[in-house]
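Taken in sequence, the protein lines are chains C and Z.
Numbering (this note's numbering) for the first sequence: 1 to 151.
Numbering (this note's numbering) for the second sequence: 152 to 654.
Hint data in this document are derived by calculation from the structure and do not stem from the laboratory.
The structure presented is a predicted model; accordingly, all values stated were derived computationally and were not measured.
A hint or two may mislead.
To give a feel for the contact side, a few chain Z residues facing chain C, derived at Cβ under 10 Å [to be verified]:
| id | residue |
| --- | --- |
| 1 | 304 |
| 2 | 463 |
| 3 | 621 |
| 4 | 628 |
| 5 | 630 |
| 6 | 645 |
| 7 | 651 |
Straight line, CA to CA, 20 Å or less: simulated SDA-like cross-link-like pairs of lysine to any residue [said to hold, decoys possible]:
| id | chain 1 | residue 1 | chain 2 | residue 2 |
| --- | --- | --- | --- | --- |
| 8 | C | 124 | C | 70 |
| 9 | Z | 568 | Z | 549 |
| 10 | C | 124 | Z | 632 |
| 11 | C | 114 | C | 62 |
| 12 | C | 114 | C | 69 |
| 13 | C | 124 | Z | 649 |
| 14 | C | 124 | C | 138 |
| 15 | C | 114 | C | 142 |
| 16 | C | 114 | C | 5 |
| 17 | C | 114 | C | 85 |
| 18 | C | 124 | Z | 628 |
| 19 | C | 124 | Z | 604 |
Cβ atoms here follow ideal geometry from the backbone N, Cα and C, with glycine treated the same way.
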Amino acid sequence: METAHVDRAVISVWRWQGVLTTLIPAIWAFGLVIRFGVPGLFAPLLIVAVGLTLSWVWPEAYYRRLRFGIDASGIAIERGIFWRSRITVPRVRIQHTDVSQGPLQRRFGVGTLKLYTAGSRYTKIELPGLAHAEALALRDALLAESGDSGV
Amino acid sequence: MASEAGAADFQPALRLHRSSWLFALTGSVRQLVLPLIAILVFGARRDDEWFGTPFVLTIFVGAMLIRALWHQWTYRYGFGPRGLVIREGVIFRNVRQIEYSRIENIDTERGPLHRLMRVAQVRVQTSTGGKPEALISVLDLGAVQEMRQRVFADTRPIAEESKPSREPQLLHLPPMELVRYGLINNRGMILVAAGAGFLQQAGFFRVNREVIDQWLHTSALTGVAGLGMAMQIVLAVLVVISALIAVRILSVVLALITLHDFTLTRHDGDLRARYGLLTRIALTLRTRRIQAVHQSESLLHRLFGRVSLDVDLAGDSGGEGEQRNSKRMKTRWLAPVCPTAAAPALIASALPVFDPAAPPDWQPLAPGARSRIFRRGALLSLLIVAGPSWWYLRGEAVFSFPIVIALAGMHAHLYVKYTRWALERDVLLFQSGWLTRRLTIVPRDRVQSLNVSESPFDRRRHMASLSVDIAGGSAMSAGVHIRYLPADVARRLAAALHATVKG
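Build out the structure end to end from the sequences listed, making use of the hints.
Here it is, written out as structure tokens:
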């Protein structure tokens, strides 16, 4: 099965998400510093430094490892930097699909494709970072042929 | 479109049995009984509260009676052109349509009262599981029979409950087998735990110190105090042993009641299980809904030369929260207990694609698996044991390490020895566990999704785990999860399984 990367724009989405997630503990830590005085200034600065570095490095690395492939038999998704996994779902097993978009994702024109199976452990399988139009096209392509009950 | 309009216009006209209110009422009263006892026995300290209770009780029961009657009068069901139609309520009306082709099962459950009135509680199940199924309480047996006929008219011949003798019997458990089952599975323990939990909730263990003090000063106990250390230990051991025996006896009694006269029959390719002394349960296990068969064999099983077989059914997993839990509590038995030699034939009856005659082509784990499991086990248990043993033994703690390492070695050896898998033409077999041995058989065309995962440790040793997900299990135990496979084997196995799923 040929695999491809998702849209590069998703890196920006993840970086912004990283920055926003860093802000929450950082603001809290700065608040504590203001309340109790300067000696503890090191902690919030460390949070900001680590948070921003991770926000910069992690999305790029995760993007490199995230690949997906679709053929007549179904879909395959590879992901993970340290803990790697390759999930394959036969086409007839896809119960229904969603394409979802948050505000940040809308800004960068990407969407998340969600596949639902009748399984027990992996009932929802997500593929983030597809260009929105491509996600919609994939959803339609995956649904076109599966008329079976899926069980 | 005419039939569509017809389906929309269809008005269900059939009613529940005229004694339905009785069952609705007993059901809600039963839900109230335990809290009520708790209130009456443990809560009513002051007399004025005690006198108020009968009034509250009457109002409660009256309200329930009205609700039960209302339910009976407003509930309608009918056989529409496309599906079973159920209408509930008048003010807040809810009409549910369940397509005939989606209905997988019509199960009945009959308690002593049901049997006395010749009625049954009916559960209509679809493959989705969870919400869209209907619980119809209660119908008389003729109506159940008619429902079975109408619903399954196009999918399979009529189910005749009245003539079970014509169905080939696959398994029947005489009382002796049930005694074995009770001894093996020890369900009494759960009951004891639940009872203890309830008493705890009711404040039973908070009881006053005076009673205990009094009891401690009784002549019997002073006699015990005079016995001396050795005798006291012997006595304590005897008490513990007799408690364990009592729990086992309770388990046996439970097994004799709940699984009384367990009969598994074949019925037009599907399986039907009937059991229960007080509450008689009739379950249909439709073979095309069976997703996997599990065989488990604990130490006690092996002692008796028995195994247990249960199945995962599509539609059992869905649902949320409590509903999901209560569903999982009920294991779908193929055979609560059966002789080891009889198991393959029973599995084949549930999974027609499984060939019991052909010996599986068993494959081992990766060659490096044993040393990895050993190192992992030894390291983890040393970490756990180190603290406490240093605390108690100080310098002598060193001597506990060889024991831990030996145990880890034994575990690794047995783990590898008793874990194996086989990919047959139509099924995937996976055997695991050395203390309780489990065998899972999944038909290849039942696979929902596959996941090959590699942790950093896996990658260093070129290994991978394979998860084969199927419908109908619980999230924790579903399907097959094989660890320590050679990475290339895991990928090839996943690809092979992926290719077989055609739908």
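Hint by hint, here is what the structure shows:
1. Evaluation of the residue 304 of chain Z hint against chain C yields a violated restraint, the C-beta minimum of about 19 Å exceeding 10 Å.
2. Residue-level restraint check for residue 463 of chain Z holds (minimum Cβ-Cβ distance to chain C is 8 Å; threshold 10 Å).
3. Interface hint at residue 621 of chain Z: satisfied, since its Cβ lies 6 Å from the closest Cβ of chain C, which is below the 10 Å cut-off.
4. With its C-beta approaching chain C no nearer than about 8 Å, residue 628 of chain Z sits inside the 10 Å limit, and its interface hint holds.
5. For the restraint placing residue 630 of chain Z at the interface with chain C, the shortest Cβ-Cβ distance is roughly 7 Å, inside the 10 Å limit, so the hint holds.
6. For residue 645 of chain Z, the interface hint holds, the least distance from its beta-carbon to any beta-carbon of chain C being 6 Å, beneath 10 Å.
7. Proximity of residue 651 of chain Z to chain C holds as hinted, the smallest CB-CB distance being about 9 Å (cut-off 10 Å).
8. For the given pair, residue 124 of chain C sits about 17 Å from residue 70 of chain C by alpha-carbon distance, which is consistent with the 20 Å threshold.
9. Among the hinted pairs, residue 568 of chain Z with residue 549 of chain Z is inconsistent with the structure: their alpha-carbon atoms are about 30 Å apart, more than 20 Å.
10. Between the alpha carbons of residue 124 of chain C and residue 632 of chain Z the distance comes to roughly 18 Å, so the proposed pair stays at or under 20 Å and holds.
11. Our distance criterion of 20 Å between C-alpha atoms is met by residue 114 of chain C and residue 62 of chain C, whose separation comes to about 18 Å.
12. Between residue 114 of chain C and residue 69 of chain C the CA atoms are separated by roughly 15 Å; this keeps the pair inside 20 Å, and the hint holds.
13. In summary, the hint linking residue 124 of chain C to residue 649 of chain Z is supported, as the alpha carbons are separated by about 18 Å, within the 20 Å threshold.
14. Annotation: proposed proximity of residue 124 of chain C to residue 138 of chain C holds, straight-line Cα distance about 16 Å (limit 20 Å).
15. Annotation: proposed proximity of residue 114 of chain C to residue 142 of chain C holds, straight-line Cα distance about 11 Å (limit 20 Å).
16. For the proposed pair residue 114 of chain C and residue 5 of chain C, the alpha carbon gap of about 17 Å is at most 20 Å, so the pair holds.
17. About 17 Å separates the Cα atoms of residue 114 of chain C and residue 85 of chain C, which keeps this hinted pair within 20 Å; it holds.
18. For the given pair, residue 124 of chain C sits about 17 Å from residue 628 of chain Z by alpha-carbon distance, which is consistent with the 20 Å threshold.
19. Between residue 124 of chain C and residue 604 of chain Z the alpha-carbon distance is near 17 Å, which keeps this suggested pair within the 20 Å criterion.
Violated hints, in rising order: 1 and 9; the structure is consistent with all others.
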